[in-house]
Amino acid sequence: MSENIQETIVELINQASLYGKDTVRVQHLRHVQELILRKDPSLLDNFLEEVLGFQSDKSPEVRKTIISFIEEACQHDPEVIVKVIDSLQLLLYDDNILVQKKLVVSMITIYRLTLKWLSKSRLSDENVRSMWKSMANVKNSIITKLDSDNDGLRTVAIKFIEMLALVLSRRSQDSIIPASNEQDFSLNLLQEDHRILCRNKLEQEGKDVMEKLLEFTLSQHLSSVNLIAAMGAIANIARQRPDYMSRVVQTFEALQVNLPPTLVDSQVSSVRKIIKLKLLSLLKHPASLDFQPQITTLLTDLGATQAEVLKHLPKGPTEPKRKLTLSNNEINAKKSKLSTDDVHMFDKDDSNSGISGKGISPGGAHGSSGSSTSTHSSSSHPQHQTAIDITAADLVGKLSIGNVVDLVLVSMLHLPEKMPASFQSTYTPIAAAGTPAQIEHLARLLGAQLTAAGYGKGYELMKSQQQVKTSVDNDMDDGKLVSNSAGVARDGAYPSSSADVESKPNVLSAGDNESNDMLSTTAGLTTMSTIPGVQQKKMKPFKLADAIKPIEYDEMQRMSTDSFYRILNSEDVCETAGVGHVRKKTMTSLVCLSERSFRDIYEDYIFAEVRKRYDLAFAWLYQEYVYANGYLSILDPNKRKDFTKYDDTLCRLLDYLQEKPDQRDGLFSRLLTSAPLITDNALLVLKRYCQDENRCQFGMNTLRDLVFRRVNMREKFLDILLDFTHNENNSVRSNAIRIAKSLYEKEDFRQSIERHALKFLKHLTASQPPEALFGEDKKTSTIPADTWTEESIRLCLPLYLNLMPLNHQLIQPLATVYTAVNGDIKRVISRVLEIPVRGMGMNSPELLKLVENCPKGAETLVTRIISILTEQTAPSPALVEKVRDLYQKRVSDVRFLIPVLTGLEKREIISALPKLIKQSPPVVKEVFNRLLGLNASPEAPHTSPILPFELLVALHQISPEECELKTVMNATTLCFNERTIYTHNVLAIVIQQLVDINPIPVLFMRTVLQALSFYPKMVGFVMNILQRLITKQAWKQARIWEGFIKCCQKTRPHSFPLLIRLPPPQLKHVLQTAPELREGLIRHIRSMSAPQRSSIPSSILSVIEDNSETVSPEIRIQTIPTTTSAPTEQ
Amino acid sequence: MPFRFAVVCSSNQNRSMEAHNFMSKRGLLVKSYGAGQQVKLPGTSLEKPNVYTFDTPYDFMYKDLYNKDTNFYTQNGVLHMLDRNRRIKEKPERFQDSRERFDVIFTVEERIFDQVLEDLENREKRTNEIVHIINIDVIDNPEDATLGAFILCDLAQKLEATNDLDNGIDDILSEFEEKTKRTVLHAVSFY
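Taken in order, these protein sequences are the chains called F and Z. First residue of the first sequence: 1, per UniProt numbering; consecutive thereafter. First residue of the second sequence: 1, per UniProt numbering; consecutive thereafter.
If we strip away everything but chain Z, and leave its shape as in the complex, we get (with noise of 0.2 Å):
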């Protein structure tokens, strides 16, 4: 059975969607989230960034965004990204809505990764399945996040290809720090 993967951010917008899409057509089996309380994008300025919240799709803030400032947004980069998450998928999706069980949960900050398992932690718990969270950094630029998608794609690829996950996911992780000189954060928790 393929693993299930998700990729959580804050905002579901660059980070996790640019895993999201560079996963998916490596052939994974991958979801997105965001871990914030609301969708926030980067405004004229910092004191005024844009936000939404997790229901509105990514088509609406695309051309809400289009028409405050078409030049701007262009020109950071930020409608570019919109127009890619709505080929993706309708909207934003936040993590600690959905109910969907995975077998590893990617994030990438430690604000996150904490988020994540408190969340974890406070949930009705009957399964007892078994879910790995790994926490791998990644700064939230556009020029990261595309690092950073690699990165995750290829550690996926490697638990991917593991037959015993919970048996050889520390040797794995061990490795890729070595490797990638990257401090990687891991836990579990069970559904």
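The shape of chain F in the complex, shown without the other chains (with noise of 0.2 Å):
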């Protein structure tokens, strides 16, 4: 038989590792775990291995079907756990959520079986420690599922923790147990002494999780299904757990007026519908006695019948010790009675508690051992419901008509757009508005709020209350002193009621001094809150608070000035006896410590006579970092660093000291360079005082000085102060960068100040202004924020141009800004440039550099600096070498050259005078100027490589094909009207050296005339010259040729010997031409005498006789232009 089940077990098996359809397998899987587990148990341990390596199937059914075999397997022989532990934490993180629910699901069982498993086994070796630690794993896996995405993984969730909860807790009498969990785990199956289990420690968590489990069915943005899960699992726990009754009534209480604002309608109706559900299934349980008065509103609120209440009332009389043993939540009920009864209900219920507290009063205070677990878990968590109890009967005397009125207009403004679904299927109109018994209930239903929100007078006087218990408790063993603490914390929940107030000196004949002490406590927390419908029938203990009357608040700020002021007044006598620090320390610590009176009386007294008690200021200002930074014992140490007092006085005190009229003792620049901490508002402070104009030098000092000493904050005041060079205001300006130049002098500081100049040059590559030069304080400037205007340009340059003969290397940034900036900005650039250039010197080798390896379109820069470099001195052989290096191998622009022209050789600058004449006019007079020394400056004697003559006579030579004629002339021109160089003896040299050449320069004659017309003193010299044309045959050349006979014309009549010397046709083509010559020629002759007639040849004679002779074809009159300038002594 066996072997034949175990024959089809392997042959299930592996059919189901076969492919095939996975509800197939699934079959099969399930066929081999009822073959094993039901027909013969014995195979498990052979199968087991086989089974479990479906878990990483990828079919997930054929997991989930292995995690029903998992959790049948550990059903049947709880020591299967160790064996399966690996394969449950594997499947727990499985990527399907299904097999995540599934193992969730089975875990529920498992975890339970291990604990029951593990409370009766002696086993602790390795193995089975290892596997209680992977099962802790898993569980706090599964409880943070609880904040899970998906909805069905945190219902799981919920019900697995439903479980911890009742496993991790102990049955009590009351609980109810239903028949399939009778043979469930509780804590009381557990041995204290256990060698694995700890049973306060699982005590303790399994009152965590509750926690958390009440916390979250009352979270906001519950779905409705986790919510009805929770409130299932939660109504399960207290049915099971009647300790936990009272939180969970008030949990469901909470829950009535505070759904989920996400659900719909018809989720509320159904969550509405579980509550009522659930609240009825509680009502049944006679744990819930207590708490019938607040489930039955609840359930009437809900729409429940009187007849459905009745009917799940549970049966029979409850006994007279359960009543007792609980007798704080009994009160508690009877309070909430009030809600729904007549208010005269309560002396009756009164009396009914006085009878039964004084009747067995000794007895409960110390319960019967059998109830008193039951007591002590509920002493720790009845405070919720206190709270709620205490805030709600504070409430109640406030809920006078016009507070409740303001309430509504206030919430009015909260009202959301849309009715909510909750508050719509909740809303019944109110029957019996303004009665006792309705302004109650609503009492209770703000205090219910208010403690969840964590206010309200109850909450806070269970907070302080649970701090003393706790050091309480912790002191405390277990059996009676627990019960005694319960009746204390009985006592601090109701101090108002009238019950409490009579059992109270039983329970100090029963206590001892834990509980003297406690009931002090509690008494002074008495006097605390003033509860509506105090009772004062008994002795009351002498309070020093009733004792003693408070001080007027006005009366005792004018007592405490006084004092204040008689203290800083008493300086003379301070200081006679030697205690000056003394006062000066009490004053500074009152002044910390005090609101804003003692400290504008303190500043007034400072400043008063600040040279004299500057130092109280500062004594002042590091009290106050003292205080700030919590270095003070008496202070709270967890105090959070708050600097903002700090922060205040060390600003007004800045202020004053720079609104000053004399800042010459510089307390301004001591106090902030002393001060611990400088805030933000302290440097906005100095920045103002760094843009006055009358005050900016001590400013900017100061902020030298901060550089300087507080290293911590340099980069800070560093930046502060190069933004100053940026300023509008020429004297903060010049300030600035005066401070700035001084700072670039050490090496700390180099690299940041030259890249801060660098990033504003940079900023003129963009496209408008950067914000930075409107900087915060500078709103009202007068510069236009979205175009670069000169003023705005300027700005940006003045630190860098500054720094730039401290580092020549600055330069080569400069250039390459400036090829990318627009035409106006290079401009701007050039006319800057002068200074700085200076500065810099033709000797820099950074210059010479940027000359050399000129970035293109950085020709015009570097030709202005070039020129700005020889303006006034001889440009240095080194700079003519890369300047002219650069002209001939990359720039052919000529004007390159202009700068240098004076360093250049002669026979360059012949070569390059047709380019240089061609240029604009200005130009050419530039050049000329260079060329003759004409801005020469008197102690740098002009060494021109040209001389004047020879310039003149370079002009000459020019040929036509090389540059214009009429250009030419403009340029000789220019050289004529130099007249202090081009004297006539000049002159007479240029014009000896020109009727040299051969052939004779075109503008030749044209000189000559000019020269005549400015120094007619010449005509001697010109007649000789006419002579030596006469020799060279002038009339070969047409131009020379017309100039001479103009020439002739203009100086007649000595021209008249000259003529005659002609030859015939010559002489004839000359009268032609300017016929007017003729008669003085002939007078000429007659007026000779006879010998000097006779050596006329006739040929002459008879060609000025003849006036019929026509012109020889080879003379042909052109025009020649005769623009000479009027010479203006003639």
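Note that these hints are calculated values from the structure, not bench results. One thing to keep in mind: the hints can contain errors.
Residues from chain F that face chain Z, not an exhaustive set, calculated with beta carbons under 8 Å [to be verified]: (1) I97; (2) I108; (3) S223; (4) V268; (5) S269; (6) I274.
Virtual Cβ for every residue (Gly too), placed ideally from N, Cα, C.
Assemble the dimeric complex from its two separately framed chains, guided by the hints.
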């Protein structure tokens, strides 16, 4: 038989591992499960491994089946858990959510079984321990699934936690355990000295998860399914663990008025239905007896009928013992009964409880051994509930019509656009509005809300009590003392209850020191809370607070101010007594601790004689700093550092010092440099100070000091300083630059200053001026922010330009930026360059490097730099070398050469001349100025490589191909106009040289004529020249010949002897061209003596006399420009 | 795995059986129940309904009524209904007496929803398997029962189509409410 089964199982497992339909494979596995676990469990060991192999099957259905298998196997033999725990851990992290869910569900059973098995087992080997550790991991991981994104996963996690809360707590007598759970584990079954399981720890854990669950139930944005599951869980727990009853009822109470706002109408109805169902089931529970009124009220609100409620009330009278052990709850119940019943009921109830309290309180306080456990655990929980009670009681008195109207009006502001579903279904018109019962109910509802939000008298009371109690609890053992503390807790919880007041002596008589302490605590608390309805039947203990009358606030204020004044005015006395430092300390401490008033007084006092008392200000500031840092022991050590007061003090002191008319004492600067901390606001004050035109010098010096002394904020101060170097205000700017330059010499700051300057330089490449130019306090700037103006361009540059002479390398980035900016900016840069470039000098290697490597587009910049350099001094050979190099290799623009002209060789100048004179007139003028040394400063004697006459000769030698005649003429005219240089001597040399050139330059005769018109006495010299021309047969050059004739015309009668020496054809031509000469010539001949006349060849004479000759064809009249500037002297 | 559906009405005659019929024809795994104390069928007057116990076969009821007043019960459609029912299963089943487990239980009126919930709450719990209980009101007459069956089937098919019912059901139901303008009550319980 067994053999058969085994074979079948092998067959089934084989089939299941084959590829096939998932459903079929699942069926096979189910079959295996049945065969092993139901037919022959002894086979489990044989096949466990094989079956577990399917845990990593690709089909989720198969994996789920494996989980069921494991669950059933564990049920069958809990020891299997040790073998399967790894599989469980693995499956918990399965990708498939359904598998995860299945695992969690199975874990509910498995965890419970594990606990049960472990509690009985004596095994404690390593395997078991490690299994339990893994189990704890799995458990924790499941608890975290409460925050999962998956609704279903959260739901099963809730069920798991329900199980945890149940197994990790103790059953009590009134637990109602469903038959199916009868065998379940609970902490009662655990031995205290178990080797693996620690009972106390588990119990605490159980409480923790329960708290978590309750909290979860009340959290907003819960889905309806989760909420329903959670409500089911807590109701189950309450039934099985009535110790939690009060907390659970409480939770339902809070829940009913606080349903998650995310629920839609129908979900709200479903949820309310479930609440009703759960409450009815709780109502049946005997342990809920004390909460009946609350539950009934809730049920009525939920629409349950009286009959329904009655049907669910537990049958049979309740035994007095129970009533006693939970008497705190009972009172609670009484109190809330007020909300539904008539107020007059109070007396009746009160007397009842009074009787029961009186009758058995000694026994009750200690409790029977059976109920002590339940009392113990309930003692740690009722705070939440009682907090609501206290707050509610506190509120009842305050719910006057006026207050309620105010509340309604205020809450009107928060009304949502749409009526929330929960409200719509909850709301029923209030029938008994304004009756005491309704007010009580309302107070209770508000109390629940306030407590949930952590406000209200009850909440605070409970919180402080909780702290006291925990410390007491720690000192206590179990048993008797526990019930005592429960009694005390009850006292604290209901200080106003008359029943309680009556039972107090009993507790006292039974109590020991600890409970006495507790009582005094609670008594103190009672005085703090004035709860309406306190019945002061009893003797009142002495309370200091009652015996003394508080001083009026104003009076208090006046007295303290007066004493402060007295301290202030005792300066002399203290000094003579040698306790000045004590006074100082006292005052600063007082000022620091006080509100505004002392500070104002103190400030006035200090500033009345600031030079004498500034040390007080400093001491005060330090004191504030100490406070702000929390260094003082009298302050709460947990206080967060708060520098606002320090900041305020510092700023006020600075403000004052800043406004002082006399700044020479440097107190402002001293305060800043010695303050323990510079706040942002103090920086603002400093900035303001620096921007004040009259104080900026002090301000900048202060900044410099700060940069040096406050190393940790160095960057910040430096930034501020550097920002000022772009300030619109000239004085601010120059002061800032002055400091920046001085700092620049220190290696430490070099980089950051340079970086800053460069940053601003680079701003120029942006499309509009940078924000930084219009800093936060420059709102009123006159500079347009959207476009570059000369002003804004200039503001970006000063720091940089000032640094350039200090670091010549900076010229390089400037050139780079220059290439990138537009024409306007280029122009401005060129203009502002003069001073820095001068500062650098022409021997600067960096400048030379720039000239050498002139970036494309920066030619104009380089030209400008060179021209600045050479404006007043002759260019250095090195510079000339670089420029020449650049000119020859890369930039063929001749303008480039102009600045260094005087450094060039004559040959080079002459070859460049044609290009130079083609430039615009101002440039040409500049060229000549340089060449002729017209601008040269007196101290640097002009040394031009080319002499004036050489220049003029060179001009004449420019061929028409190279340059238009007119241009050359203009150039020569420029020369002529320099009469101080081109004297008649110089011109004579020029003309002398020109006439020797062959062929004679075209402009030669023009130059002669010009010279003649400037210097008429040169006529003799000119005659000699004309004589030379005749010998050189000048008529062969049309232009010269034409000029010759013109010259003859101009110089008659001096020219007549010359004319006579012309060959006849030429003379004839002359006479034809200028007929007016003929008459003069005839007259000249006639005036000659006979021998002279006879020497004249007859051919000449005949030409003179004959005026009918035609002009020889080779002589053409060409118009020759005669735009000589009219000589003014003549 | 296909979901296991249940439809619960009062007497397991009209509304649940109509839906049972309709849904099983659409290939869904479905069972039907009544949640009342007895099986009640309309009688010749309002005061005199025909009352049977739950273990009475449909066939018996059919014959009983046939003999009582063939004409009347043919007219009001009861015989037709019983005839259909006896082809589906032998006799009505009471939900409270069944121990079968489902994934989704449909109820057709709020009272039945409450009864089902209460019953599930009071059962012995062992497995912690989740069950969704969904109520959609269906009026107890043949026409509305047909319409109701259609709607239930439609919803069931939508639910069947999800991978993860627990996570998707909220969205499906609110969409369904939006579309059909019917109020849906939805709760969960655990086996």
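Let me know if the C-beta of V268/F comes in closer than 8 Å to any C-beta of chain Z, holds or violated. Interface hint status for V268/F: violated (10 Å vs cutoff 8 Å).
Is the interface hint for S269/F satisfied, with its Cβ closer than 8 Å to some Cβ of chain Z? This interface hint holds because 6 Å falls under the 8 Å limit.
Given I274/F as an interface hint, is its Cβ closer than 8 Å to any Cβ of chain Z? 6 Å, holds
Is the interface hint satisfied for S223/F? The criterion is a beta-carbon contact with chain Z at less than 8 Å. With a closest approach of 6 Å, the S223/F hint holds.
How about I108/F: closest beta carbon in chain Z under 8 Å, or not? Status holds, d = 5 Å.
Let's test the interface hint: is any C-beta of chain Z closer than 8 Å to that of I97/F? Because about 5 Å separates I97/F from the closest Cβ in chain Z, which is inside the 8 Å limit, the hint holds.
Hint check: a violation occurs at hint 4 only; the rest are consistent with the structure.
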